[in-house]
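Engineer: Spelled out from the first residue to the last, the chains are:
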Amino acid sequence: MIELHIILFFMILAALIAVEMRGLLNSVIALGAVGMGLVLQFLLLRAPDLAIVQLVVEILILILLIRATVKLDRPSESTLKENWAYVLCLLLFAGVFLWFGYRALEGLPLFGAPEMNVSDYYISNAMEQTGAANIVTSILLDFRAYDTLGEVTVLFTSIVGAIAVLRKIGRKQ
Amino acid sequence: MTLYFMTFILFCIGMYALVVKKNLVKKIIGLVIIENAVNLFLILVGFRFDAEAPILEEGMGKMVAFVDPLPQAMILTSIVIGLGVVALLVAIAIRIYEKYGTFDISQIRELRG
Chain A
392 MIELHIILFF MILAALIAVE MRGLLNSVIA LGAVGMGLVL QFLLLRAPDL AIVQLVVEIL
452 ILILLIRATV KLDRPSESTL KENWAYVLCL LLFAGVFLWF GYRALEGLPL FGAPEMNVSD
512 YYISNAMEQT GAANIVTSIL LDFRAYDTLG EVTVLFTSIV GAIAVLRKIG RKQ
Chain B
129 MTLYFMTFIL FCIGMYALVV KKNLVKKIIG LVIIENAVNL FLILVGFRFD AEAPILEEGM
189 GKMVAFVDPL PQAMILTSIV IGLGVVALLV AIAIRIYEKY GTFDISQIRE LRG
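So the sequences go chain by chain: A and B. Going letter by letter, the first sequence gives residues 392 to 564 in the working numbering. Going letter by letter, the second sequence gives residues 129 to 241 in the working numbering.
Looking at chain A on its own, in the form it has when it is part of the complex (with noise of 0.2 Å):
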């Protein structure tokens, strides 16, 4: 699993330049090496739904962040002045969450063995009960369908709010 590994480490390297970059578009293109790892990620966990869907909403992502980059391209940033207090704090709140996210993982099943107590269930009776060949959906579509009907609301209340923000009639000057 050394690929795993490769390309993770060259994804935690485009964040880091995407989030210390100075112009804002440079980011939002280091962003999207970010998200295209993440779809190499998934094709090698054994999970093309997710491949495809990430990539789609990748795209997406990238084309909503250049339309609200792309106007201005001047570097407008005030630095945070840098002190060894600020350093300090910094350092001892990332290693305070480091430290309890290990604590946290030595709990976990180890990697490439998980426990699918139901899992196994869906497995064993997609066929008979949904008709689907692909698990993954008919998880979405059968089994939980009612969280499919709720993210399929937050999808539609996101869009109202933007249109709602974005609107150019009756607004007040």
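Please keep in mind that the hints were generated in silico from the structure rather than gathered at the bench. Built from N, CA and C at the ideal position, the CB exists for glycine as well. Any given hint could turn out to be false.
[Said to hold, decoys possible] Only some residues are given here: those of chain B computed to face chain A with a beta carbon under 8 Å:
id : residue
1  : T130
2  : M134
3  : I141
4  : I161
5  : L172
6  : F177
7  : F194
8  : D196
9  : I203
10 : L204
11 : T205
12 : V213
13 : V214
14 : A219
15 : I220
16 : Y228
[To be verified] With the C-beta cut set under 8 Å, the calculated list includes, among others, these residues of chain B facing chain A:
id : residue
17 : M129
18 : I137
19 : L138
20 : C140
21 : G158
22 : L159
23 : N164
24 : I171
25 : V173
26 : R176
27 : P182
28 : I209
29 : L211
30 : R223
Starting from the known structure of chain A, arrange chain B on it as the hints suggest.
Structural biologist: Just chain B now, kept in the frame of chain A:
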């Protein structure tokens, strides 16, 4: 184990951008990085060695092992919801830029008086 820990580092980078950076677009970028890290972590937890993608084929025996399909279905929902969140955030950021002419939150606070 190292893979899990590297996703935590990715999460930390996104959190750093979300908390420290003063540019609104940088904050949105940090949020997207956090989303990517959490999605990747949950898919890694459901991975199984020497297993197939959860798609049934003709003539496939009962003994074939699949990777965990439940996190994949839930993360599919999560990715699409993430797109909706980013769309709403970008709309609000564009509106703030139209009103104040900057993405910098410290300058916006100064403009208010």
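Engineer: When the structure is checked against the list of hints, which entries are broken? Sort them ascending.
Structural biologist: 16 and 22
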